[in-house]
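*Asks:* Line order of the protein sequences matches chains U and V.
Take the first sequence: its letters are residues 0 to 77, numbered as in numbering that gives the first Met the number 0.
Take the second sequence: its letters are residues 0 to 306, numbered as in numbering that gives the first Met the number 0.
None of these hints come from the bench; they were simulated from the model.
We treat Cβ as the ideally placed atom computed from N, Cα and C, and that holds for glycine.
Do not take every clue at face value.
A few chain V residues that face chain U, going by a derived Cβ cut-off under 7 Å, partial list only [to be verified]:
#: 1; residue: V8
#: 2; residue: G144
#: 3; residue: L148
#: 4; residue: G173
#: 5; residue: S231
#: 6; residue: F251
#: 7; residue: S281
According to the in silico footprint, chain V covers these stretches of chain U (three or more CB under 8 Å from chain V) [as the list claims (entries may be wrong)]:
#: 8; stretch: 1-7
#: 9; stretch: 26-39
Listed below, chain by chain, are the residues.
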Amino acid sequence: MLGVLPGIVGVIQATEALKLIVGYGTPLIGRLLTYDAQEMRFKEIKLRKDPACALCGEHPTITDLMDYEAFCGVRAAS
Amino acid sequence: MPKTVRDIVHEARRVVPEVTVEALHERMTRGEAPLLLDVRDPDEYRDGYIDGALSLSRGFLEFRIASLIPDPNAEIVTYCQTGLRSVLAAKALQDLGYANVKNLTGGVQKWKETGYRTVAYRKMTEEQLARYSRHLMLAQIGEQGQRKLMNAKVLLVGAGGLGSPAGVYLAAAGVGTLGVVDADVVDITNLQRQILHTTASVGKPKVDSAKETLAALNPEVQVIPYQVRLTSMNVMDIIREYDVVLDGSDNFETKYLVNDACHLAGKPNVYGSIFQFEGQASVFHPTEGPCYRCLFPSPPPPGLVPT
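Please take these sequences and the hints and turn them into a complete structure.
*Replies:* So, in structure tokens, the structure goes:
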């Protein structure tokens, strides 16, 4: 991985955290900002809240935390 | 016949709408707060005010309000210690032509009793004024914004490639408390991108190395290390204390965990992820907009290179 890449993204995250705290500007809510270091291109994808989302949708089925390793299928056999 | 205090308060209450501390708090968490006006004396204000409130003591109210809040249609909520002085202040503002003034029922006392936070005002030191001078010059930040930063608590999930630059800039900006969660120790292969750590810290826990670097950059920042892997068992206890969570994790299970925990705990989640030459970032807010699961309802097949 290109070493400066997380630098760019981490600083974007810091910028958003500062904006949320101070309360200025337009936060990156509902938008996915993508960055291509090779082509040096930023893009923005509009994100919509999914009414069927299991967590934040209209009828959420996730109301508590779960076993995330099992959910992601990374649990080592033991 | 002269009026009594009770008559005056009663008259004011008849014409000034009231707002409860719960309703105000809810609106503030949604980020659509009205202008808050603390009408107590300056020493009371300094002891603890509601975040974002402007200070204008009752005695100077009529003389200074026009320069402080020029817009007569601005939504204003007045408050004092218990809600009495401020209802009179609200009435005075109405008489001056302010059309949308409400009073906070029970005042800051009720606010604190309900368990909501107040902010203590401390005069900035010469060093702080100098250190943050470039922020103080910005109208969007200024002294009030800098104070918010100094009172803020941000949790960094991961002290790696994303958490490093984020942590460095947040500490430099004067964010008062930075929590850092990371179970790993520094490896030499980390140093190509994880700028919190140095060659001398190879082999040390990342949270300790992070704390050293951040404290050297800005000794005013309180760094709280958590040398653990974030799990369903500990996440709620850890994030409870924080205002904002910054997800700098490098695996899908932690991304889902942080997303769910932030949503359930009502915390904004500043998301970032990287792969090879591509990165992405967003903000998942508990009350507005989509979450990580709206974007990725289910994880990729196991074995895929983590983001």
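*Asks:* Evaluate each hint against the coordinates.
*Replies:* Checked hints:
no. : hint  : in the structure
1   : V8    : violated (33 Å)
2   : G144  : holds (4 Å)
3   : L148  : holds (6 Å)
4   : G173  : violated (10 Å)
5   : S231  : holds (4 Å)
6   : F251  : holds (5 Å)
7   : S281  : holds (5 Å)
8   : 1-7   : holds (count 7)
9   : 26-39 : holds (count 12)
Checked against the numbered hints given earlier, this structure breaks hints 1, 4; the rest are met.
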